[in-house]
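Line by line, the protein sequences are chains X and D.
Following the working numbering, the numbering of the first sequence begins with 1 at its first residue and continues without gaps.
Following the working numbering, the numbering of the second sequence begins with 1001 at its first residue and continues without gaps.
Hints in this document: simulated from the structure, not taken from any laboratory.
Heads up, a few of these hints could be off.
[Stated by the list, open to error] Covered, in the sense of this in silico footprint (three residues per stretch, anywhere, with C-beta under 8 angstroms from a C-beta of chain D), are these stretches of chain X: (1) 246-256; (2) 319-329; (3) 364-371.
[Stated by the list, open to error] Facing chain D, according to a computed beta carbon distance under 7 angstroms, are these residues of chain X, among others: (4) L184; (5) Y309; (6) S350; (7) V424.
We put the beta carbon where it would ideally sit given N, CA and C, even for glycine.
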Amino acid sequence: MNTTRMRIGGGIGRISGTMPQRGRQEWLLLLVAAGFVLVNAVSLTLVNNDRLTWEALWRIGIWLGLLVIAVVIVTRLQPTHDPFLLPVYGLLTGWGLLLQARLAPNFIGRQLIWYALGTGVIVLLAVSPLNLDLLRRYRYTLLLGGIVLLGATLLFGVNPSGYGAALWLPIPLVGSVYFQPSELLKLLIIIFFAGYFADRGALFAGRTPHWKAIMRAIGPLLVMWGFCVGLLIWQRDLGAAAIFFILFLSMLYLASGNRRTVVAGLVLLMLFGLLGYFLFDVVALRVDAWWNPWPDADDRAYQIVQSLYAIVNGGVIGQGIGQGFPTYIPVVHSDFAFAAVAEEWGLIGSMTMLGSFVFLVYRGMRIAGRQRGSFASYLAAGMTVLLGSQALLIMGGVTKLLPLTGVTVPFVSYGGSSFLLNSVILGLLLYLSAESNTTSDE
Amino acid sequence: MNNLNTPRHYTSGLGIVLILCLFAVGAYLFYWVALRSDMLLNEDNPRLVEAELRIQRGEIRDARGTILAESVGPESRLERVYPFSAIGPAVGYYSLVHGTAGIEEGQDTILRGETDDFWQAWQRDLLHEPQVGSNVRVTLAKRWQDSAEKALGDHKGAVILLSLTDKAVRAMVSHPTYDPNLLEEQFDALSADPDSPLLNRATQGQYQPGMLLQPFVLAAALERELITLDQPVDDATDALVLDSRVFECATAPGDDVTWLDVLQNSCPGPTYRLGQTLQVDQLTQIVDGFGLTLTPTLPIATAGPVFAPIERPGLAAIGQENLAITPLQAILAWAGLLSNGVFSSGKLLSAVQPPGQEWQVAGPEFQAQSIRRAVESDSADQIVSSLTREGFVEHGAIALSGPEGESTVWYLGAAPGGSPTFAVVVVLEEGSDPIVAREIGRTILADVLE
């Protein structure tokens, strides 16, 4: 092992350490995650069957095996990668598998397949000699492709659960596997934004610009973005629309450093929200259920009220896996997984999960800050915002801090497309975190 | 090439904003858990039902250990079962939707295994130990319960049987009745039924006492030396007309009527006049002394009397004024008279078996307690021996109970005649025959003494 002292600090905070020290940290954290998942898997088996069965534990074995292989490969081929991302990924995915086993055992097989694919994608992206410039160059083509796929859902879209918004496309030749184009579009728009802003240079040079200057600078971008958001609103995919807005404002801020533009954007968001409230029933319903769910607690606000009961019932230390009643929340295994965490692992558990995302955001932004090229920097920051804002929207939604938007908890909730998308993000972040890959713009 | 510092600086800012937003979620989680735990008690929280379904409610057993109520089924879906459906109103019911009644209500805390011990509750909660209630053994005897049930037959009313040695309630029947096993299906019909089958008439039915009060008033008058039993009474058999209602002797006495005849034939006229002599204060003392103005403290759902201060002492003495009492109050007063004039509380709970432990005799608060001397022993004994005939101590009484001439029939009985060990009260609604009430009472007492 290389024992040269390396500089790995930069961006937010700065830490340094020798290679074996970083490796030890990574394995130690992995051990903690594995211990947590294993103890809970055993508890769940005991709660359900009153005895230990290997049948219930082999999936955890696969989870751990793949995770160890991933860490070994990434460590071997990309020794300077960020040592914290994979353990956090391990913790969240293991926790997610536990939740599926607990809440929707029918889905655990599929979730395991998504996990295996996702882990493969992460390793592949982290260790491959990627040419990010290709992404930057073909950003319009990529985004248009994404929009076409999204548009296709208007014609051919289905919902695998049989009801609700038709946001999925069936994948040909593979029976009953569905793909959600809006998930892919989230990544494509980040690539688009990153490429666009990297090519424009620093917007407005930190000064408050005239509106004409703003329009000149971001006009084409607004058109593309507006098209995406329009499609999403058409589809009633409010979660994705909200994330697109957050991504847009974040990237604009990164490129311009202009807070007023961001504030103006937020005001615009509220205006849109208000407009949506009066124009679309689905928006009005969600906002009403958010603002005061109690009068409608046994009807339209049932989900959020049950979610709050679950959170309060969890208390500080939680009821223990398999011993709460989170299944009273409809679709708890996907949209409301966080409420189940709060009930069965308590405040300690929900804070730990929240903390994992805080940590991911911290590491992601740190990686973004370390990039020598602005495209890579914008890309890393955009992807980090995507991870963080998904967590924020859904965790804020189930706690009634924000109106509910159908977003999944990254790596935890059931959902194949979002799992793969988040794996791509993590793989790219791992790739960008390696010292040798922080290339400058051409 | 951009300024290198610019994106780095802005990524820090962006990261901090995002992290602060996530912290806000954390703060909000803390708010729910720390400040809104009261929410769990909301009626629509399904966890309340889940918790309730998991409570291993204790069994109710009769004096010989026969199970009268038990919880059966899988651990998370326990169901309450009553092996003897006819026992309805006495044992009562336990229902997730409709609550509790009868003994199920009166001993709910013990049966549920509720604890005041904070640490014990906390530990149970933490370890998800099921809440296991204690078994209770009541003083009711299944076979005497059956006997009373059979004797009362189709009559609307109530029977209550008490053993005089320990003042324990040994049978309690209320008709019409219901099957607690079918409560969920029949509840709406039962609660809408004008005959009120859900009401336990023995402990909750409030009836006009009428001439039931006569032995108590006469005992008090003997004690105060206002009368003697061999003293002649003038105009004893004259009908008493009050507010256009006519009161007459239950049976016709012979010539030369004495107070003994007045008592044995239940004649209202002299008792009315005696009430006027006694006046408000002394009459109040008498009804208070025999516990007729207070709710009995038995561990079962009970009703108190309907009571307002006496205004017309004559009417009050013949039980037609402002007082209505339950059969439980009547039998406790009757037992007081039969026990040399000492009024005691009753007893229903005999033993408790906490989970995993042996049976323990119910604590002193569940034992019958002598409360007060209501009348001197000599006066009480004179009345009791006057009422003794054919091996029974008995007093029949009729009360007018409605504007249309409706009446309630009472039978106070005890056996064996010389030194009674069991007492019974029968009350029949709607103008039943006093002879029928007497037959019911005698049949039960004869069964018990066998």
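Status of the hints after comparison with the structure:
| no. | hint | in the structure |
| --- | --- | --- |
| 1 | 246-256 | holds (count 3) |
| 2 | 319-329 | holds (count 5) |
| 3 | 364-371 | holds (count 7) |
| 4 | L184 | violated (22 angstroms) |
| 5 | Y309 | holds (5 angstroms) |
| 6 | S350 | holds (5 angstroms) |
| 7 | V424 | violated (20 angstroms) |
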